[in-house]
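Taken in order, these protein sequences are the chains called A and B.
Numbered by the numbering used here, the letters in the first sequence go through residues 15 to 169 in order.
Numbered by the numbering used here, the letters in the second sequence go through residues 15 to 169 in order.
These are calculated hints, taken from the structure and not from any lab test.
Note that the Cβ used here is the ideal one computed from N, Cα and C, for glycine as well.
Mixed in with the good hints, there may be bad ones.
[Said to hold, decoys possible] Covered by chain B, per the in silico footprint, the following chain A stretches (three or more residues, Cβ under 8 angstroms):
no.	segment
1	47-58
2	107-117
3	120-127
[Unchecked claim] Some chain B residues well away from chain A (every beta-carbon gap over 10 angstroms; in silico):
no.	residue
4	G23
5	C46
6	L69
7	R83
8	L95
9	A114
10	S117
11	V118
12	K124
13	A130
14	N138
15	L142
16	F149
17	F159
18	V166
So you can see what is in the structure, the chains are spelled out below.
Protein chains: 2
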Amino acid sequence: MKRIVGSPGTWSGMVLRLSQCFFAAASSLAMCSAFGFSNYSAYFYMNLVLILQLLWSLYLACQDIFSLRNNRDLHAPDFLLFFVIIDWVMAILMFSAFCASASVTIFFMKDMNFCAEYRRLDCNQFTLSVTLAFFTWLLQAASSFSGFWLLVSFF
Amino acid sequence: MKRIVGSPGTWSGMVLRLSQCFFAAASSLAMCSAFGFSNYSAYFYMNLVLILQLLWSLYLACQDIFSLRNNRDLHAPDFLLFFVIIDWVMAILMFSAFCASASVTIFFMKDMNFCAEYRRLDCNQFTLSVTLAFFTWLLQAASSFSGFWLLVSFF
């Protein structure tokens, strides 16, 4: 089994997946605690993607833990191809959700100055959630690249 | 010289680049003709990225035409690596700009219903511009993948 940092079935891979779970959960919690976030399509979409991300990362973290305990090899090409495709789709969804929410937050804070005018708008929570979503995306991109690199090294 | 569809120095590559120029220019024009677009960060950012995209695609279309007329090989690995890196950066910038603008347009049209309330807001122009930017991104992604595939085939 090749040892590429962050690939499935390695310690670094497991740490990456657990960090994704942590950041996705924290970002989703920050969003849910903001008043009326579901009125805005961009925030609703980001929350949905974050929950999907959390479930996917949790599933892969469990796979990694199982593989590390039982010394099972997760690097079969078919298995890996499936992982890498879903990983890339998740990374693209996460990036689009982050961009959409960031632009709406900038619109509230800078363009329209709604945050100062409407006190009920939880701009701090929105900003916190978007920042955490950015870190989730960075970690997801790292996992996707590492899986892709491993797949390329088979050919 | 390997003939991969859409790669530099081929007819299909040139058609892809010229289509990118056309869609980027059309999207930018649609945006500029909308009243007060530069008040919104997302639209301003998208317009900036569209102008960058137009310049980059125009430069590469000229390279393709020059290469086709003079039978020059554009597939030297160093030259290709430079192309592919900038192509990927442009594709990521274009995607982020499209997502940001689309989310602000959805916010205007669906979430807040501003388009029906404020007649001066050129929602049709914004929608047209965002749609054209989406096609620009699709074409840019096709070019990036084709260049990347060519680069991988060297190793």
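Verification of the supplied hints:
no., hint, in the structure
1, 47-58, "holds (count 4)"
2, 107-117, "holds (count 7)"
3, 120-127, "holds (count 4)"
4, G23, "25 angstroms, holds"
5, C46, "18 angstroms, holds"
6, L69, "22 angstroms, holds"
7, R83, "35 angstroms, holds"
8, L95, "16 angstroms, holds"
9, A114, "3 angstroms, violated"
10, S117, "3 angstroms, violated"
11, V118, "6 angstroms, violated"
12, K124, "6 angstroms, violated"
13, A130, "17 angstroms, holds"
14, N138, "19 angstroms, holds"
15, L142, "18 angstroms, holds"
16, F149, "16 angstroms, holds"
17, F159, "12 angstroms, holds"
18, V166, "7 angstroms, violated"
Of the hints listed earlier, those the structure fails to meet are numbers 9, 10, 11, 12, 18, in rising order.
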